[in-house]
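> Now for the letters of each chain:
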Amino acid sequence: LPVIHNRIALFRAERGMSRRALADAVGVNPQTIGYLERGDYSPSLDLAMKIALQFDVPVEALFSFKPFEPVWRAMQRAAHGE
Amino acid sequence: MSRTSTRLIGSLDAAARRTGIPALVMRGPRRRRLRWLPAVLLLLACGLAIYGLLDPTMLSVAMPLIVVVQSISVLLHFAGPLRAGAAGGEIIDEFDRDLNLRAWLSGFAAATALALIGLFGSAGVALLMRWSPIRLVETVILIPLLMLVVLSTVPTLYASWALPSPGEDD
Chain A
1 LPVIHNRIAL FRAERGMSRR ALADAVGVNP QTIGYLERGD YSPSLDLAMK
51 IALQFDVPVE ALFSFKPFEP VWRAMQRAAH GE
Chain B
1 MSRTSTRLIG SLDAAARRTG IPALVMRGPR RRRLRWLPAV LLLLACGLAI
51 YGLLDPTMLS VAMPLIVVVQ SISVLLHFAG PLRAGAAGGE IIDEFDRDLN
101 LRAWLSGFAA ATALALIGLF GSAGVALLMR WSPIRLVETV ILIPLLMLVV
151 LSTVPTLYAS WALPSPGEDD
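The listed protein sequences derive, respectively, from chains A and B.
The numbers in the numbering used here rise by one with no breaks, and the one at position 6 of the first sequence is 6.
The numbers in the numbering used here rise by one with no breaks, and the one at position 60 of the second sequence is 60.
Do not rely on the hints blindly, as some may be mistaken.
Which chain B residues face chain A? A few, computed with CB under 10 Å, are given here [stated by the list, open to error]: (1) D13; (2) D55; (3) P64; (4) I92; (5) D93; (6) F95; (7) D96; (8) L101; (9) S165; (10) P166.
Simulated from the structure, these hints should not be mistaken for lab results.
C-beta: ideal position from N, C-alpha, C; glycine also.
Whenever a hint applies, use it, and build me the whole structure from the sequences.
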């Protein structure tokens with residue numbers, strides 16, 4: 001099965017949201033959010049869309065087949081005006 | 001409801017609570033890994049079955065002991081990671097449903113394999129070793145007993161090894 005990378009932990013940290021709060025909002029167990037963040041579990045389309053809706057971003061901003069660019073590299077790129 | 005009925009139901013509830021099973025069902029968190037207990041119970045049942053097959057005079061001892069092992073292994077569903085319902089107010093989510101499905105499929109596959117190997121194997125050995133019909137029947141009776149143990153232990157065993165470590169909570 002293809003690995004699905006995600007940025008749930010990044011979005012959660014940026015919004016100051018705990019795992020439990022996100023889990024309650026999307027109707028799953030808090031441990032499931034932990035498994036998702038660590039890549040131990042790939043979500044269903046339903047759960048992925050619920051999480052994306054919670055952060056008010058498109059689903060492809062949260063989940064990708066390719067690894068996401070690290071934040072520091074994106075900031076470095078932005079600083080250099082690339 | 002009459003007073004006698006209320007008292008009777010109350011005493012039955014109290015008796016059920018004393019077994020400890022309701023407490024096992026209600027306590028959380030339910031994603032507890034039981035990696036070794038089902039394996040030990042499964043090996044014990046297989047060992048007893050092999051012992052009974054090698055020494056037919058011990059079958060009368062081995063069979064009740066396998067039933068005892070099976071009775072203990074039924075409790076694994078309450079104590080292990082397989083969650084049948086929303087016990088203790090916890091959410092049963094898609095992760096649990098997926099894990100339960102894969103665990104039970106592995107249990108059914110193992111029980112089916114055991115049934116096929118057991119039936120054809122015992123028929124083959126009976127022909128080769130010229131077993132008496134009684135000996136063959138005694139051997140065949142072992143198969144459903146072992147299947148029950150497999151169905152009670154393998155799903156919990158699978159789920160316990162497939163369940164990732166809980167990690168740190170925030």
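> Give me the numbers of the hints this structure contradicts, sorted from smallest to largest.
The structure conflicts with hints 1, 2, 3 and 8, although it agrees with all the remaining ones.
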